[in-house]
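Could you build the full structure based on these sequences and the hints that come with them?
Residue numbers for the sequence shown follow this note's numbering, so the first one is 1 and each next one is one higher.
Don't read these hints as lab results, they were simulated from the structure. Watch out, some of these pointers could steer you wrong.
To be verified - Pairs of lysine-lysine, DSBU-like flavour, derived with a Cα cap of 30 Å:
id : residue 1 : residue 2
1  : 957       : 797
2  : 224       : 123
3  : 566       : 523
4  : 1206      : 1167
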Amino acid sequence: MIFNFSHTFVVCLTLIQKSIAQTYNELYRPQYHFSPAKNWMNDPNGLVYYNSTYHLYYQYNPGGNTWGAMSWGHATSNDLTHWKQQPVALQARGYPGEITEMFFSGSTVVDTQNTSGFGSNGKVPFIAMYTSYYPGTSVLPSGKTVNGGTQAQSIAYSVDEGMTWTTYDASNPVILAPPAPYADQWKDFRDPFVFWHDASQKWISVISLAQLHKLVIYTSTNLKTWTYASEFGPMNAVGGVWECPSIFPLPLDGDEAKTKWVAQIGLNPGGPPGVIGSGTQYIVGNFNGTTFVAETHAPSSPTTTSTRSSTLSTSVYNFDGLGTYAERGWTATGGLVGKSPAQGTLNGQNTVTGYSGNYVNTFIDADATTGTLTSPSFVVSENWINFLIGGGNAPGVQCINLKVQGQVVRTATGADEEKLVPKSWDVASFIGQSAVIEIVDASTGGWGHILVDEITFSDSSNEPYGTSWMDYGPDFYAAAPFNGLAIVDRISIAWMNNWQYASAIPTSPWRSIFSIPRQLSLKTIGGRPTLIQKPVADFVSLRKSTYTNTFDTVVEGNQLLPLTGKSLDVTLSFSDRVAPPSSSQFGIILRATSDLTQQTRVGYDFGTKRLFVDRTKSGDVGFDGTFSNTYYAPLVAASNGKVTLRILLDWSSIEVFGGEGEVTLSAQIFPRDNGVDARLFSLGGSTNGVSISANVVGSAWDPSSGSSSTVSSMSFIGSSTSTRSTTISVVTTSSSRTSTVTSLTISITSSVATTLVPTTTSSTTPRPTPTGVYDFRPAYHFVASENWMNEPNGLIKIGSTWHLFYQHNPTGNFWGNLSWGHATSIDLVYWNHKPVAISSANGIQAFTGTSYFDASNLSGLGTSVNPPYLAFYTGYFPSSGVQDQRLAYSLDQGETWIKYPGSPIISQAQESPHDITNGLETRDPKVFFHTPTSQWVMILAHGGQNKLTFWTSSDAKTWTWKSDFAIGNVPGIPSGINGWEVPDFFELTIDGIAQKKWVLIVTPATGSPAGGNGVFALTGSFNGTLFTADAVDTSNFWLDYGRDFDGVLSWENVEAADGRRILASVMNSYGGNPPTNTYKGILSFPRTLQLKQVNGKTRFVQLPVSELDAASVPATNLTNQNLAPGQTLLNNIHSRSYDIRMTFIPTTGSTLSLAVRKGSSQQTVIKYVQSSGQLSVDRTASGNTGYDPAAGGVHTASFQADANGKVQLRVLVDESSIEVFGGKGEVVISDLIFPDVASDGLALTTSGGSVLLESVDMRTISF
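The structure is reproduced here in structure tokens:
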């Protein structure tokens, strides 16, 4: 009994861990930021470090993806990067039934001295102090009574280092109510932060009085009994409510003798300027064990006079006395000519405050007034310029500027308030230089005016410290530090979400992530103690590859980088600009599609001296009206004139660290997976002194994330139009193999990217050694790890995992012993080989078939809680030639399959009346559930008979014949098409119109345009038992015009939000003849199939899946270039696996030719002939064609240019294959090729007329 229980527990735990491990590849799932496997998460709680382990507790709903049933989730880590999910630490009392107590935010300490008395037998207790929220009025186990809605402070303890917890029910809550002056705040008394204060030898708890913007401080000697000591606040930002406070010490400038204390306070709403929703501020001060006192930098009086020695009248700069601006020595322009300083609030204006005497107020003709005021020239002789400013918040538009040698070197703007507040500029670096002050009003919109007064010159700043923001982005809240670390190792983590839209973000099955852990320090910047934040993570173990480059100048425009990815760590440094024009910016575009309809911009505005993140086109921005926005943070260049941005990109987040980390900006993004490009952009002129270093970051949830393929050879991809030399390094790292670091001095221009491209790789899955020197193994097309493969089987998506089954001989490189091979992928590009799914056994081979999800468990092979996945296949008996239909099922998400003991589900005897061979040629079941009739439907092919049969079932096990569908049922079908096999059947919507068609796909053995096997598709209607085909349009009949596209099937169970119908086939029409000796057969690259209106006709349209973008690296890009006869382009490029996209306008009589895999006498040539609209692939000289009589030749298809005369081509080239997509994808030619390994050249030419190349985008692909 004990053994059985233990075994069950271990199995369950293994399955739980396995399911968790498999969930971290969903759309938007962060790869190196913490997120729970599922359900809702908000504030980090109880962060503590002890015994080499980081404990991360967090607000968690164990029962759903929205706020509720608040509990403490738990995860642990040894490196703040790789997290292990632990059981819920404190679960809402009563869950999942009626909840009587929720566990709100709090903190954890390690009571090493056992002051609490909870430790015993030498075990050190952990103590968690949290807010108990009581939904209803009740008498607690401690005998205390609470009203419904009460928030009170309780504790729990752990004696196994934080893994399991016991609530202190004998006395909880230990702080029942707020202190006496604020007793009425019992509904908003929360979020205790506890720490040990060594100087006073007491425990300290800081708790928020949320509505009052106050922190109350308590002390204790034992963590059980608490004494109220003091309060702090309100101060600085007071929007919304104050929550999640903490205070902690930090050395100033690294000197522990100058230690300051920092208070972190969450505000909701009331975030940083420009943020709607929540945010986090910090306040620097001192703490004596009972009281926190903030440091201020307030002016001693509102009318500080100038201390600068000057012959100019003070009234020039404080605007008192009589006279116009001109009479005071200022030069006025625009509507300020002839005007004088204001003596109070102007007509129609809200009351102005904060000025002293007369002052500048440009609200003269309301906001219609524009103009400038420029002071007399003066020599800077003091360290600071102080002034009062108010009015509109419009950097560079409503502002005051300091100009030195005609350049704006300092600027400030108002805050959209009719209140003047003190501001200061540090001008020590300009002492001795001539300067002027310029006041600008350039706006007539709302808040289109500026207020200025009391410009003074001093040796100190008069500006109050004011609000300091932990982060200027919209997604940084409830920051909490780790207890248990040394004072110099302070690390904090925040909730990376915003209460404005937290419950609406488009993630599932989890909601919310945490910021990257940040190490905190204090540094004096501009005379002010400033918090410095630096990301902390084990980036070395996560690094997959590195790209570095330097540019003397990046010209205006944007430049594609040889860098792609969904998770990156980028450091970008560049020179500040002098006298920048308006809209003068530089930065990087990330997660971009090739047409830039999706992009996230991270950059720096030279005019306003602010870094920014623009997420207006970042992907899904429609779930909340405030999400689409641009966010800014003030950042001044370093003393060397450089601006530095460190950018952490994850699958759904951006974090930017400006300068040394003195400002940060964090924002969520939700991009589509097809946007992975990176580009530099420069606006308003060129940017100088640019350097970039970028790491492609792997997954912290994948134990193999740090490993990647070892580069075995490198090809140079570049441009002949070089303008300068630079050094690029590409570093590929591996946890299990040696690293390869390659550097070359190469040429680069602003329009053509350059990179090193690894063109052959060794897989992470061991492969057999080829008997020849080169085995043509593809770089990005799937092949079996070894041995025979033919058509795909049972394609199905389960959760976020794409399952590929295929006809496979696991024992040899020839047809026979056929089983279902198995591989899985999360992106249709990178595949993991799995054990054989359905094996050949007991004299029965497993021929082709399909899979489907039995969601309602109609088969009875699963349960309602765990419905089965079903695989239908043909059983083949080599001894007799019989083919019958069989069933297998999976109860573990497709990992393993159980053969149904009741098979066959359709026997030879059932097949015989409908098959002229009496059941010897009945195979390839296509099965699906037909919702309108509530029946399972099976379609079987009858070999050599040009016929399919339709069958139905209510339980997927017992089947009844319903109808035949034969060649005579297809009006207009061309003759000579024989040997129907491998049917596929599904419904497609015609794009752009509300009409659906059923699509039947068949693979015939003969009659294709290229000869031999092919694939045709029919449209029609289906009533659940009978398919009625539409008349054939021969121009929309064949899905592929090449020789190597055979046995097509499509993935089932693709979620509606994706909505794609994705096909794959085997690329091999020559049996065992192709010259590969460790494998036979490759999979076509997955392609989408749509029905679209093209040139007024309904057409099948196919294109490669967009996931390929993430696996490719930009190599070259040509735009608007004329190609004339006699010219050759791309001939300096060498690669063997790539993706080329072309749009061009051919002139009359022209023929465009693209030669690929070119070398010595070898080449494969793609041509488009303008006069006939003929597309061709000529593989006559493609390499080894002697292995089969049909291996050479020319294959053709026809399509016309679009209404604008444009022709589009998409060309996928791999080690042994070529797939050419013409037009919008209305024709495709797929062929195998076997060129020499040295044949890696390209050439783009034209004859008979010129061609305008609107765009040529080449991307290399290598694993």
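Cross-check of the supplied hints:
no.	hint	result
1	957 with 797	holds (22 Å)
2	224 with 123	holds (19 Å)
3	566 with 523	violated (33 Å)
4	1206 with 1167	holds (15 Å)
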